[in-house]
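One letter stands for each residue in the lines below.
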Amino acid sequence: EAQVTQNPRYLITVTGKKLTVTCSQNMNHEYMSWYRQDPGLGLRQIYYSMNVEVTDKGDVPEGYKVSRKEKRNFPLILESPSPNQTSLYFCASKGLGTGERNTEAFFGQGTRLTVV
Amino acid sequence: AQKVTQAQTEISVVEKEDVTLDCVYETRDTTYYLFWYKQPPSGELVFLIRRNSFDEQNEISGRYSWNFQKSTSSFNFTITASQVVDSAVYFCALMFRDSSYKLIFGSGTRLLVRP
Chain L
4 EAQVTQNPRY
14 LITVTGKKLT
24 VTCSQNMNHE
34 YMSWYRQDPG
44 LGLRQIYYSM
54 NVEVTDKGDV
64 PEGYKVSRKE
74 KRNFPLILES
84 PSPNQTSLYF
94 CASKGLGTGE
104 RNTEAFFGQG
114 TRLTVV
Chain U
0 AQKVTQAQTE
10 ISVVEKEDVT
20 LDCVYETRDT
30 TYYLFWYKQP
40 PSGELVFLIR
50 RNSFDEQNEI
60 SGRYSWNFQK
70 STSSFNFTIT
80 ASQVVDSAVY
90 FCALMFRDSS
100 YKLIFGSGTR
110 LLVRP
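Residue numbers (the working numbering), protein chains in the order written: chain L, 4 to 119; chain U, 0 to 114.
For the record, the hints were derived by calculation from the structure and aren't laboratory data. Among these hints, one or two may not hold up.
[As the list claims (entries may be wrong)] Here are some of the chain L residues that sit facing chain U, going by a computed Cβ distance under 7 Å:
1. G43
2. Y51
3. Q112
Fair warning: this is a prediction, and the values are worked out from it, not measured in the lab. Even for Gly, the Cβ is constructed at its ideal location relative to N, Cα and C.
Only chain U is shown next, with the shape it has when bound in the complex (with noise of 0.2 Å):
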């Protein structure tokens, strides 16, 4: 079965703490490509990174930074010095090559920044 699990509902943090949100996937194939996306309070859904299954080299981008990590099938997301701006919804979400190219979300993690 294809699916990714996002055992966090809700999380919430007080500004400045590190936050990691947990993403568990499950596919048959080797090639795959895995997402986070963030949906903000206006609903709109910003893609933040992708990862295809032969790279699990760790990226940081400025406070965020992702884990990769195909043995244990995760793809971890952290926030570092959390703020405020960062309360959204965050989505995993995992490709892979059949027909549909569909993205297989988790049921996202609804993260509260509290000042």
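Here chain L stands alone, though its shape is the one from the complex (with noise of 0.2 Å):
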């Protein structure tokens, strides 16, 4: 079955504490982004990446890092985590080309974050 797998689902973790959520794609994808959801504002890029190696800031990318040393693998760490990145988030993945089957983003089942 094609999945995008996050993990953790849900997580708790005090301001400072490092943290990795960890994302995973069985469909050969190119293409990976992280997203964070906040009320009243929608979902909003964090990070993204074109292939392995290859990764680019989104809109709100303060206080975040990524890294794809693998194509199936994109995490997503907080190294110094605040309050304010409590949310809930959403990693992606799609493929790359001028297909219209390329356009679609297949989203993981999310994760809340709280940051006491």
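Bring the two chains, given one by one in their own frames, into a single complex with the hints.
Right under this line is the structure:
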């Protein structure tokens, strides 16, 4: 089954304690990205990656890091989490290319993060 | 500016009523894609529909229908004979062809269908 898997689904942590949210896809997609969802703001892109070792900032990258060492994995790293990073996080992947099929993004189940 | 506006924050209807969720977008690009996603209380995002900018045909899928009008930059979503299971947050989103391939989401409309 084609899927994007995020872990953990829920996480409560304390300010300043480094954490990593993992994301893995099994569709051999080149493109992966991270979004955060906040009330009244919809989803906003944090970082994206066009392929292995190619990453770039989205609209709200401050306080986050990513890496893309393998095509299937795209972890989101919070080196020193703060309460304003409390949010619902989504990982997404899609194929690249001009076909209409490649316009659809596949989303993970979401990770609800609380930083106290 | 590239932007999606969902002006309705919350809508409450009684079961079996029809309801329309509005979506207005802004983009300078001539090639773009519009999407609707459903987010049920469990939190995941469920893809509902994709429409490209060259296809203005309306679409119907069961009780769901979508009206795309480039003249008014709108992509509205209608649920006919709503059901309690339709209760969710609905997001409209825009994607255009730049290097980021990002989806630009509206702020979402929370739909509550009461029995």
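Checked hints:
For G43 (chain L), the shortest C-beta to C-beta distance to chain U is roughly 5 Å, which falls under 7 Å, so the interface hint holds. At its closest, the beta carbon of Y51 (chain L) sits 6 Å from a beta carbon of chain U; the interface hint therefore holds under the 7 Å criterion. This hint holds: Q112 (chain L) has a C-beta 5 Å from the nearest C-beta of chain U, less than the 7 Å allowed.
Hint compliance for this structure: every hint is met.
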